[in-house]
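Student: Letter by letter, the chains look like this.
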Amino acid sequence: MTIRDEHIFEATKDLYSWALRRVPDDTKAALSRARETETNETARKTLNMMLHSAMAAESADRYVCSDAGVPVYVVRIGTKADWNANIKSAIRAGFEHLVETIDPPLLKHVTNPLTLERGYHGKDMPIITYDLIEDADYIEIVCSPKALGSGRWAAMELFTFPTLETIETYILDVAIKAGSQHCPPTVMGVGIGGTFDYCAKMAKEGTLREIGQPHPEPMVAAMEKRLYDAVNQLGYGPMGTGGDTTVLGVHINYAAGHGFTPVAVEFNCWINRRSIARIHSDGRIERLE
Amino acid sequence: MRNITLPATRADVADLKLGDMVTLSGPIVVTAGIPTHHRIIDCIESGKPTPIDLQESAFFHLGSYSQETENGFEILYMNPTTSTRFNDLMPRIIRHFGLRCIGGKGGLDAECAKALGEVGGVYLSFLGGGAPIISSAIRQIRQVAWDDLISHYRLVELEVEALGPLTVAIDAQGRSLYQDIDETAAAKRAGILEQLARQRAATQ
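Residue numbers (the numbering used here), protein chains in the order written: chain A, 1 to 289; chain B, 1001 to 1204.
Please keep in mind that the hints were generated in silico from the structure rather than gathered at the bench. Note that the structure is predicted; figures quoted are calculated from it, not measured. You can trust all of the hints, since none of them are fake.
What follows is a set of in silico ranges between Cβ atoms, one per label pair, in the way DEER data are often shown: (1) A:Thr39 / B:Arg1142: 40 to 48 Å; (2) A:His97 / B:Gln1067: 17 to 25 Å; (3) B:Pro1007 / A:Asp197: 50 to 58 Å; (4) B:Ile1041 / A:Lys123: 25 to 33 Å; (5) B:Thr1203 / A:Glu210: 22 to 30 Å; (6) B:Asp1053 / A:Glu210: 44 to 52 Å; (7) B:Gln1143 / A:Thr129: 42 to 50 Å; (8) A:Arg287 / B:Arg1095: 49 to 57 Å; (9) B:Glu1194 / A:Leu51: 33 to 41 Å; (10) B:Arg1095 / A:Leu148: 21 to 29 Å.
The beta carbon of each residue, even a glycine, is placed where N, CA and C say it ideally should be.
So that you can see chain B by itself, here it is in the shape it has in the complex (with noise of 0.2 Å):
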């Protein structure tokens, strides 16, 4: 399985394909909160710097518990939220910045796919319920902003190696694995119901 060390330049997830399964290693920063979104937006309208620098950075969709102690702040867990909760403010965000990686799960919509494709990002899918295997890959917590909101809204930044697996589910250009499934499955509705139609009448 590739490894891709961040930060990844254009051409390191250029040719990352849908289905395509990778890990990460380095800087990534994470939030799963739509107040943290809101202020994001904030920074980009006002043209102050994040506390945390997003240019073509890895920004996650991802919860994670933060306490403060003695030695600064540590991370006793993570794991993904739903990103379509985002979907109205991430293309903002990700053209902004050029964000080069971005996930969680469930994925973002079209708008998203767009912005990606014309900023030369990827979206990585994370497995929910994955707690345990994506903690493991923490080594590192660089910062901690917008530490007056709940832990899983903060801003963090982390040093990770080996994150993953991630599934490639938007690539570089834009291609949308859950595009093309939401579309197939609209495709086979209507099959799915005749199914069903004959089912019903050979037990009736």
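Next comes chain A alone, as it looks inside the complex (with noise of 0.2 Å):
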């Protein structure tokens, strides 16, 4: 059997109502130890609400957030699988199937940049990122909604030759910008250096990493343990009312470049929206998140 294009379909519209009732494990998990740790008492109290929002949401199988984003897909092709599927289509099939049966519906969030007319089509919509995997014999595809409550305070700078003290006094000031607005405690995904569109997609891939799983090269993963230290220092707190808790992770991604080093940071509000499935090369879809 081959992946073909009613696999990858199916795929899409699951995995974009998994990632809007289900708060990720280790999100979940990220939580609870905030809570045990956490000093505020307001604090605490909104983690729990957070935690039995997302236990709500489960359970009933309702939305946790109403806004439920744009589409976004990142697909990651193993160069061993069997596959004979139009990937692209088969994805914008699966999203508009969604968005006419899904219970309950969507509001119309997807919006037209010129006009900001809104409604759930668009051009380029959903938004699809492609990658290889070596050596994998399956199709792996992210689903990440992604919303202007966090999406907003995105950001990008691009400096020459930085020192680690610049860059980390960037990081530092766009999570003081976006301070109390991006429904703390955020993932903060960073990408540093390669060009300008590699930059922004590590910080992408930065957000989507498992909370509390550290880069693997030292150095770096020394990075993200201060500033996740720092952040936390801010005193945001959950849904920025203050505590400790404002930042869940700090996920870096580096690439080497020329001598202008872009820096991208991105957020990912608490609930963390991720799912991700995989299709196998016998048209088996396992649901791994």
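Reassemble the complex: the two chains are provided individually, in unrelated frames, and hints are given to aid placement.
Tutor: Listed below in structure tokens is the structure:
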């Protein structure tokens, strides 16, 4: 059997729906840990409400947030996968089907940036990026619905031969600018280096990394740890009403570049929407998250 | 936890303290739309009444999915949106209607806090990503106005019971948790940067 359009279609519509209704396990665990260590009483209660909301959504099969965001899919194609599918049009069809059938219906969030008209459809929607996984015999699709609430606070700057001090100051200042507004505690994805477009992609990948998985290089892992502590010391807290828990993880990716060094920062709000399916070469769809 | 019955008087909210958590029962008006705020401002400027009375009301930045059924409108879910998007529009609305309770998530700026202090109103922080909790407080849809707009932009009046818990984030004297936290963060910044420098030096 071969991976065909219908498998991509199935995975696409299910992934979006799952992402809206279920807070990932790593995120719930991080919120639980934060609840144990948080010293601000209001913040502890807010963390408790977050966990309660996550569980209520899951058990009642409802949305955690009313803002379904826009559909964003990352497709990772195994180079040894057996596939013969029009991936792009199958994803588009999967999303169209979801919009027509999902219960309860979605709010209209897809926005034409030139006219501000909002609906379910729009140019280049869903947003899809593609990657290869060497030697894998499956296709993985990640769904990461993205909304204004946290999306608005992403930022990017280009430096020339920056020191680590310059880079870390910038990252801290982006967190300060977002302040109380992006439904903290967030996951911060950071990209450093590469080119403009590649840097933004690395930041995005950072937001998708499992919480508690440090970067494999000790130097970067140490940077993640000290920035995590630094951002949490700012005191914004859960929902920005004060506390020790402003960020659940700082996930940094870097790439070599030229002397110009882009630094990109992106946030996922506390519900950290992310769902992943693996489509095996026999057509079987495995839900990873 | 204190439950406030709406409509609330100035005295009902006067002693609420920053960080207190409350629930609300009674009528509230919600919208998540900038165009809706513009229409409200148009009403103020032209002297026309708003389709739903906002005088001393509880007015929240909540997006809701409303749909028309045989028995009128029903709300399937609702959740807060970022209030700071309405910073420029809210002072005038707060002052004109003497809003008693406003809210959403992410807070409002100093000018809005000042306006709240003048009229004796409070800002309440809702849980973002709290749709299951927040939606379960809805008891009745009273009115849906401006239904030519997309669902979450409409002006909707609802009856709620024990809506919350909501965190008092700007009090009736105009004191703001957001302003306090922003100032504290700004004051801590230099020390945090020094700490980062020390940690970098220790690992190199």
